[in-house]
Structures are given as structure tokens and as C-alpha cells.
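Peer 1: Protein chains in written order, with numbering that gives the first Met the number 0: chain A, 0 to 649; chain B, 0 to 649.
One or more of the hints may lead you astray.
A pair holds if it fits inside one copy or across any two, identical chains being indistinguishable in the list.
Unchecked claim - SDA-like mimics (lysine to any residue), calculated; alpha carbons at most 25 Å apart, straight line:
(1) 446 to 404
(2) 207 to 489
(3) 346 to 492
(4) 577 to 337
(5) 446 to 481
(6) 446 to 181
(7) 297 to 214
(8) 57 to 449
(9) 300 to 68
Simulated from the structure, these hints should not be mistaken for laboratory data.
Number of protein chains: 2
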Amino acid sequence: MGNADEGGAEFARRVPVPPSRPFLHTFRANLKETFFPDDPLRQFKNERGFRRVVLALKYFLPILDWAPTYNLGLFKSDLVAGITIASLAIPQGISYAKLANLPPILGLYSSFVPPLVYAMMGSSRDLAVGTVAVASLLIASMLGKEVSPAQDPALYLHLAFTATFFAGAFQAALGFLRLGFIVDFLSHSTIIGFMGGAATVVCLQQLKGLLGLINFTTSTDLVSVMKSVFSQVHQWRWESAVLGCCFLFFLLLTRFFSKRQPRFFWVSAAAPLTSVILGSLLVYLTHAENHGVQVIGKLKKGLNPPSMTSLTFSPPFITVALKTGIITGIIALAEGIAVGRSFAMFKNYHIDGNKEMIAFGTMNMVGSFTSCYLTTGPFSRSAVNYNAGCKTAMSNVVMAVAVMITLLFLTPLFHYTPLVVLSAIIISAMLGLIDYEGAMHLWHVDKVDFCVCIGAYLGVVFGSVEMGLVIAVSISILRVLLFIARPRTTVLGNIPNTMAYRRLDQYPAAQSVPGVLILSVDAPIYFANAGYLRERISRWIDEDSENSKSESLQYLILDMGGVGSIDTSGISMLEEVKKIIDRRGIKLVLANPGSEVMKKLSASEVLEAIGQEWIFLTIDDAVTACNFMLHTRKPKAVTEGNKASCDDAV
Amino acid sequence: MGNADEGGAEFARRVPVPPSRPFLHTFRANLKETFFPDDPLRQFKNERGFRRVVLALKYFLPILDWAPTYNLGLFKSDLVAGITIASLAIPQGISYAKLANLPPILGLYSSFVPPLVYAMMGSSRDLAVGTVAVASLLIASMLGKEVSPAQDPALYLHLAFTATFFAGAFQAALGFLRLGFIVDFLSHSTIIGFMGGAATVVCLQQLKGLLGLINFTTSTDLVSVMKSVFSQVHQWRWESAVLGCCFLFFLLLTRFFSKRQPRFFWVSAAAPLTSVILGSLLVYLTHAENHGVQVIGKLKKGLNPPSMTSLTFSPPFITVALKTGIITGIIALAEGIAVGRSFAMFKNYHIDGNKEMIAFGTMNMVGSFTSCYLTTGPFSRSAVNYNAGCKTAMSNVVMAVAVMITLLFLTPLFHYTPLVVLSAIIISAMLGLIDYEGAMHLWHVDKVDFCVCIGAYLGVVFGSVEMGLVIAVSISILRVLLFIARPRTTVLGNIPNTMAYRRLDQYPAAQSVPGVLILSVDAPIYFANAGYLRERISRWIDEDSENSKSESLQYLILDMGGVGSIDTSGISMLEEVKKIIDRRGIKLVLANPGSEVMKKLSASEVLEAIGQEWIFLTIDDAVTACNFMLHTRKPKAVTEGNKASCDDAV
């Protein structure tokens, strides 16, 4: 196994140059790996005709997969889960619609049609569909900048439908074009910070309802809201505030209880509806609506009216609708897909991100035609669904039926529901989204991720929701670019009694080899780091010759194992490094280059400059060869070209 | 060395968790590595007081380093080189100033003051300072959009000075803030495409001069220029065109000759001045200025007037000046630094990029106070300087003195110089910038780099100069992001008779280990690829179990050698992969994780979940351990947690 005694020629266990393949072949393979990493068409390969159509239908409508084997046992579980989430969906739906400055009834509409669509197309068994606070807030703040919901409610409503349509179209397009990985760029830390910030902002907005204020700022940042609240101290209504605080206390208490006793998950799930009923009764009996407690008022009876004709595609407003649609769409996707994946992992089944995107997209497009606004799979509701023991997407159907019954018969009951109860429901839901433990964990594990998280949080709280998002995504991308721009180069040493070479600073036992400097590069060599690497390698050589006065440096071994890819700038860099160290009489040796690196070295003819005989399979091979050369004859300083030295080396 | 016989406990040659260091310490080390990779303060370490001041002065003024040892022998070489580049600088300066729509005399001013500043501050011995065509064109097109040089020449001139000031300030700031690596993001392939495109556009602009047209479009794209030229066919002047073509032919001929016979470099270097003299004589003798051949006209005698008071910092125009300054500044830097580095490499001395930026920045700021516009180190002039045998920056001083003499006494001689000769000079210089061989080399070596290059070229030619730059930088960054988003995972196998494990698809001899799947990841695991890697690893396991029916998969070894860094999303991904494969009865084993990965695994407690005893120094150790387990006892399928299996494994 490559001992020093075996002589020079045997050292060169050659690193092969991969055979060159036709360009189109490589291109197709790369395209497939980029856009179809999960190979979704695999199942269609050996099928034909009718069977293919059935498979395709099953692919897009997973309900065809599970419905045939559906039975009463499963339905019992789904019924319980469905009723539980309906009792949460009704008050939350109304609350979030108010948050989006939309008519409260839209919250109910949005819990009727979209869940039915998702039940057919979605592949998650645990996701409960509904509106979410963050997207609602975004709609209010982004659309509110262009159109005032108080002065032109009809136009505002139409724009909300249009934005929902665009969001759906965008989501479906991402899925069809296999661009699901764009969502991955919203990292976990971005989402923690962003959600926490959005939750803070949403809670601040609830001060309006809690304090019974009539006028309120349309900005969402902390400073504007605080100014707005404290400039109207004399309009604060204590009745409203007391009522709100009581209900908030009740809701938090049930949440705390359910968290301690997971068996009683239904306590916190039913608490919002209980609060709504209690609050409505209280107002009805005490006529508090005449004493500063605002109520929902009349809700129209009946199912979703069609809204297809309300979509507005005319120039002045299409831009804001498109922008709102894309931003809310991607946020909604990020939440829905993350939730779906987490529960799928708990229950050990598979979720196809791109397919889910098509389901979400279709659901929102259909929703925008039937008076619904943006829906996704909110975490809180899905968690309740999961805890309630749902088995399939049928629980969404049950919820939709419950909401339908409410829409048809029960809407008058919400006439006296106080707005302050809705505020309390929102605040209690939002407090659960501020994940300070998650943030502490980030600080503990990865400081950059913590910066991303705090950047997103502060951006949302002090700037705007979009700003927080932009800050977080920028820091994340900057981190990736910085990793590439400043790759770590480390000196390796031999671990005694092994053939392994490891970082000197990580393994105290590792020993450097006299006369040989082994450097490892742990990133692809690209234009962005080629200049840096050239400088850094020179500095390593300088430092090495300063430190070890005894034996002068003769060989530089570059461990290319971590270099996944190289571009033309990287190739030129290697060429330059070779020239620079050649002049100092040092020989460049490569160890373990990957196939892409070998291919490019060979195509650019740098391979010949370095000499194929100076490229080794392992670091150990390279060191053995260097040692052999060092101890059999002292190599002369190589000054003119390297051809000569290569020739007499082998 | 870890044979299968030595028993379970010995396999675990432990991978140490690096000791946790104080956060500030790590932060400082990272900061230093990012911004001071070349450790410029090293030399100040053991010095004090006066000596430090001297060293600092020498750092910023390299002239103090070489001037004391300067002698007559060096001066002789520099004198020849200086006179040669002056004969090139004078006609080129005038031509490029015309290209920037500035008074021609500015070209001479810009070859007087900036070279003197650079001679003091610059660390390159071969760079010849002067104006460049691309930056001149950019100034014309960017400033021309806001202010017409024909209608308001004074304001246009002031804006050009202001833009130059901003460019200098920006360059110096980049140098002081150690942000030189931003320039690295203009990759070699970007520059080939961009320069080629700019040269094409500059040549197209010369059609105005060649055809003697009075009116011409202000756009630079191919379509607009062609429209403008062919809409005024009847204004074409044949006298001008014939004269231009003759001189162009002469210039190209001398260039061709000098390229074939490098000894006669001075033939092509002197050709522009010869053309100017011949052209002027011809016009003077034939009075061709009355027959459609436009001439330069009166040039003011005297040295640079101060222009400090002309800088315009008032609101409506400051934006365009700032934008122009930053873009031209960065382009000029990219060219100047690349040129400086190339020649430094030929002569084997070192150039500090950040220091050069400070020199360029100061030179341009001083220039903007003394009626100069943007200068840098153009490739063509520096190559002539190098070929003429320059030894130090003194050749720039000689050139400046020659230009000074011209400014003081010889400007009237340029009265009759025909513009068409200047056009011919520009075209002949530009044709050298279209590096189609370089582009072919890119296609040959790296297809993505070729796309970047062509993107930049087409963007410049059919869009605008800025658009080409944006396209090229976007493709380059997208490539980096895509590398991170879609890292390659490859299956490794043992190379017979060695302990090395390499890619099965690269090494045909490599053999996979039955019952064990060895996967290697060759990129950092970040939020952007965590989802993809989870899916891809699952697919590898699926494919493996489909292919090998004989022995079912028991161990998944992840080779972490190529994983340079990991963030919290990556850590969660590992945790999820562990859970997923645990349920399938497969054990997760890590081989050779780096110190950062170990640190984060330990901080996040995933290390305990995997079990430190399942983390090995080398793949071979891991395989040996797996084989030992496989053959001594059949591990049961692990279904509930992994604690139990870990315990009975060790």
C-alpha cells in the first residue's frame, strides 16, 4: 500500500481524466439534477396509454389515491379533528379578515372553498387550510398604501381578490416550473425572525381594538404605532381594555394548560370559540355596544358569492396587486410547505414540494374566484388538526362543511361579537409565534444565523414587513457569497500511525511533514475567491519559510478533495500559483482532485503544465512521493520552466 | 491501522470537538481573515515610534522605498519607456476625450497630473497611467442621458469632474475599508465579454467620425447606431471615409508587424503619433478642413487649470454623477488592478490590491481638482511601457513631463489634426480588445463562464454598458448560488488495495461496499440546499435498495470532508435524515467532519443523537466499523429511537 520503499513510478496511482461527454448530454443531466432532483417522472417510465393518464391524475389529485380505501374508522377520526379545527377556524377567520381590513365574512368564505380544493389536490394528511395572520397583515399594509380600505372599500376588496389570484398563479407557476427551491432561500432563521417580527407587529395593531380607538395609523412599524396610540390617550376606552384583557388572560391560561397536558389539546382549541360565544352573550345582555365596545355587526347570510368579475387587471393598480400577490404568495408557501413537511416527517410519509405548490396555487386561484382571500396551511391550526388525530385531508372537508352550515344559518349569532375578543384571539395566537427559544438556540449554534434572525425581526418591527424580509434574505445570500469569497485554507498534518492527513488546528496530534506544506481548500475555486486564494497561499508559504528555518520548503501539496468545482478564473489562479512557486524552487503537487476539476485542468492544458505525474490519488501518496524525492536527491531550485524538473522527477 | 480484527472500541479514532473559544476571539479572527487576508500590519508589529511612522509613510508612498536606490542606469530605461508611452498617450488622450464628449485638451491634462500622483503612491512598476476608452464611453452615455454636452457643455464638464471625484473617493474608500474583493466579483469571463462588447460599441460610435456625420444618436446600442447611420446616407462624406480607412489600414499594419516582431514594439507605439502628424500635415497642405474633413481646432496653451470650484454637489445632478462615478470607478479599478497584477506576476513582485485602490482613488480625486477626468492603468499603454523596458514608476513621470512640454508649447500643432485620424486610432486600439480567442477558450473549458462572457457582450452591444455588466454579474452570482443550492452528492467506493474511497463514476476501479452506502457531499450545507440534500439522500437510499436486492442496506456513511461549513438549517437536515433512516433500520455514520461542523453538531446536541462513537476520522475507519458490526451480528431494524442501538453497538 504505497510504502516509501516501492520507488518513484509506483507512487503515481493515477487520477483519471474523465472521458469527455457530448455537451448536450452533460447539459441535460445538469438540468435534470437541478430541476428534477426527485425524479418525479420515474413512475411513468414503463407505463403507457390509459395507465399513464391514471397515474398523472393520481399525481395531481392525490385524493384518487386514498379515497378508494377510505373507511368509517378513518372518518371517525377525521370528523373529530374537522369539528375541532372548525371551532378554531371560525373565530380566527373573522379575526384575520379584520386584520387585513377586509369584511369579516371573507374569513368564513376563505375557510369554505379552499379547504375543499386542498382536500383533492394536497398531499399532506395533516395540513388544515385557512388564512394566516402574517399574510393578512401584509395585504393590509401593502394594499393600504395605495387604496384606503375606509374610503374605497370596493376597490380595496377587488384588489385583495386580484392579489390572491396573482399569489395563486405565482405559486402554481413555481410548482410547474420546478422552481420550488426558491422557497428554500427563506431559511429557518429568516422565518423565526420574520415570524417573530410579524407577530410583534400584529400584536401592536391589536392595540386599536383593545383600547377601542377609532383612528389608527396605517403604518405597521413600532414607532408610528406607539405615536398613534399615545397621541390619543384621551380616546382610550377602559371598558374595551378590561374586557380584552380578561379574554386574553383566559385564552393564555387555556393555552398554558393544553401545553402542559397535551391530552387536553381541545381545551385551547375550543377556547377561541368559547370566548366569542361568551363575549357575544355578555355584550347582548349588557348592551355594551353602546358603551364603547365595538361589535362585528351584521354578517350576510349565504355561501360565497362569485368574485370572478371583481378581479382588476387595469394599469394603475395591477402593479401593487402583483407585488402583494408575489410577496404574500411566497410567504404563504414558505409557511405551508414547512408545516406540511414537519408533520409528514412525524408520520413518516413523503411530501413533494413542487406538487404542494401547485395545490396551494390552484386553491388560491379558485379562492380568488369565490370571494376568498389568501389561504395557506397555518401552523397553529395544523397542529390542532394533528393533535386531534386527523388521518387524511378529509378533516378539511369536515371543517368546510361546518363552516358552510355556519354561513348558511349561524351568521346572525356573530352580530354582537365584540371586536376586542377578536383582538384577544389574535394576540394569543401571535404570542405563540414569537420563538425566543429558537432565537437563543440560533445564537448558541450559529452566530450568523442569529444575525439573520435578528435582522429580520428588527427590519419588520422598525421598518416594514418587506424590509425585514429583504434584510434577512440579503444577509443569508451575503453569507453564502462570503463563504465562497473567503474559503478556508488550512495546513494539514499526518496523524501518527495512519495514512490520514488532517487539519493541524483541529487535531493536536497531527504532525506536519518537513519540507512539504500540505494545504487544503474547502470551497469551490471561483472568480470570487481566485485572487484571495492566490494571496493566501503565498502567505502560507511565506509564513512556513519564516517558521521552519531548518529544512526549506520543497513541495506544496494542494488537497483538492474539498474543491467541488472550478471555473476559468480558478484555473488561471492555479497556473499563476504554479509560476510563482516555481520561481521560488517549490514544486506544486495536487492530491485527490475531483472529476470536474480534472476535466477542466485537462481542457485548459494546465494539467500538462503541472504534469500528470504530480497529481495523486491521496495526500499520503503525494507525501510519499515527495519524501522519496527529498531523500534520494536534493532537487535543484527550479527557475526556468518546469518541464525539465518534471522529466527528471519521473 | 484499524483492521477488522481489532475489535469495536479501537475503531473509534475520535474526531475531537474543538474547544469552544470566546465569541469575540472567533469574531476577530474571522474579521481579520475576511478583511486582512494578506496581514498588511505584520511589519508594524515589532516596531515603535518614529520607525512606525516611516514604515507607514513607505506603505502609502512606495516611492520612498525605491527612490533612495534609484540610479542613472534605471533612469535611462525609464526615459526610453516614458517617451514611448508619451507618444502614444498624446493622440490617445485627445481621442478618448472626444469619445467622452469632453474638450480634447482634457485628454492631455489627464496624462499630466494623475501619472505624477501614481508615481508616488502606486506599487506597480509597469503600469502606465491614462484615460481609457470604456470609461470614456460610459461617461458619455451615462452623463449624456441627463445633460446634453452640446447644449450645456459647462454643466456637462462639471459633472464629469464630479463623477471623477466620486469615482476616486469610492476607489479610495474600497481600499481603506479593505473591500478590494468586490472587484473580484468581476470575473475574468465577465471582463472578456464586457471589454469585447464595449470595444464593439466604441467602434460603432466611430462611424460618426469616419463618415463625417454631424448628427448622431446618443444611444450606444447596435440597433440605434445602425438606424442613425443609415437614416443619413446622403450626409456621408467620402473624403473623410477614405482618409480614415487609409490611416486605419496603416495603424493595423504596424500593429500586425509589431506583434510578429516584438523587437519592433516601438513601430506600433509610435504609429498613432505618426498618423496624427501625417494627417495634420495633409489637412494643412490641402485645406481639407473646407471639404468635409472635421479637425480638432484650437487647443488652449498652458497647464491644467484648477477645477475644484467646478465640482457640483447640488441635488438634481448629484445622483447621476454619483452613479457614473461608482460604475466607472469600479470598471477602471478592475482594469487597472488586473493589469498591475499581470505585469507584477511576469516580473515576480507583489502588488497589494487594497493599496493600489487607495493610489487610484487619490490619483482620481487629485485629478478631479485639476481638470482631469477618470484615469486608470490601461492595458495597451502599460504593455507598451513594459515592452519598452521600464524599470520603475519613473516612466510615468517622464511621460508627464513630455505631456507638460506639449501642453506648454506644442498644442497649436494639433489645430489641423483631422478627427477621422482620432477615430482610426480608437478603432485600431479597440480591435485589440475583442478577445475572441479568449471567448473560445472559455467555451472549451467552462460553458457557464462562456455564457457569462456572451451575456456581457450581448448586453453591452444590444442593451447598454450597464446592462451588460448587470447581466454578467447576475449570471456569475447565480452560478455560485446554484452551486450551493444544488451540491453534488456522489456515491463512493473503495479503490482496491488501498484505504482510499473515491467516486464510483470517476474511478471505474472503485468498488461499493455491500450493505453500506457511502455518500459524499461536496459543498457547505446551508439553508439553500438543506431541503434538496434531504430529498437527494432519500433518493440515493431508494435507488440503492432497488438496485442491490441481495444485501439490504444497513449503514449510511456521510463523508463530510467536503462540507466546509454548516448552518442551523443544515444541522436540522442532518437530524431529519437521521430520523428518516432510523425508521428504515439504517444507521447514520459520519466520516471526517471538519472542526466547524463538529462544533455546531456539538452545540446543537445533534452530536449526541448521532452518537460520538459513530463519527469517524476516515471513511475507511467507518467502513471497517460497519463491516465489523455487519459480520459479528445482524443489527435489528431500529424502530424506536436510536439510543438503544447506540448502546449495544459499543
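Peer 1: Decide, hint by hint, whether the structure agrees.
Peer 2: Hint check:
no.: 1; hint: 446 to 404; result: neither (51 Å within a copy, 61 Å between copies)
no.: 2; hint: 207 to 489; result: neither (58 Å within a copy, 57 Å between copies)
no.: 3; hint: 346 to 492; result: neither (46 Å within a copy, 33 Å between copies)
no.: 4; hint: 577 to 337; result: between (48 Å within a copy, 18 Å between copies)
no.: 5; hint: 446 to 481; result: both (15 Å within a copy, 24 Å between copies)
no.: 6; hint: 446 to 181; result: both (24 Å within a copy, 24 Å between copies)
no.: 7; hint: 297 to 214; result: within (22 Å within a copy, 71 Å between copies)
no.: 8; hint: 57 to 449; result: neither (42 Å within a copy, 42 Å between copies)
no.: 9; hint: 300 to 68; result: neither (37 Å within a copy, 97 Å between copies)
Of the numbered hints stated above, those contradicted by the structure are hints 1, 2, 3, 8, 9, listed in ascending order.
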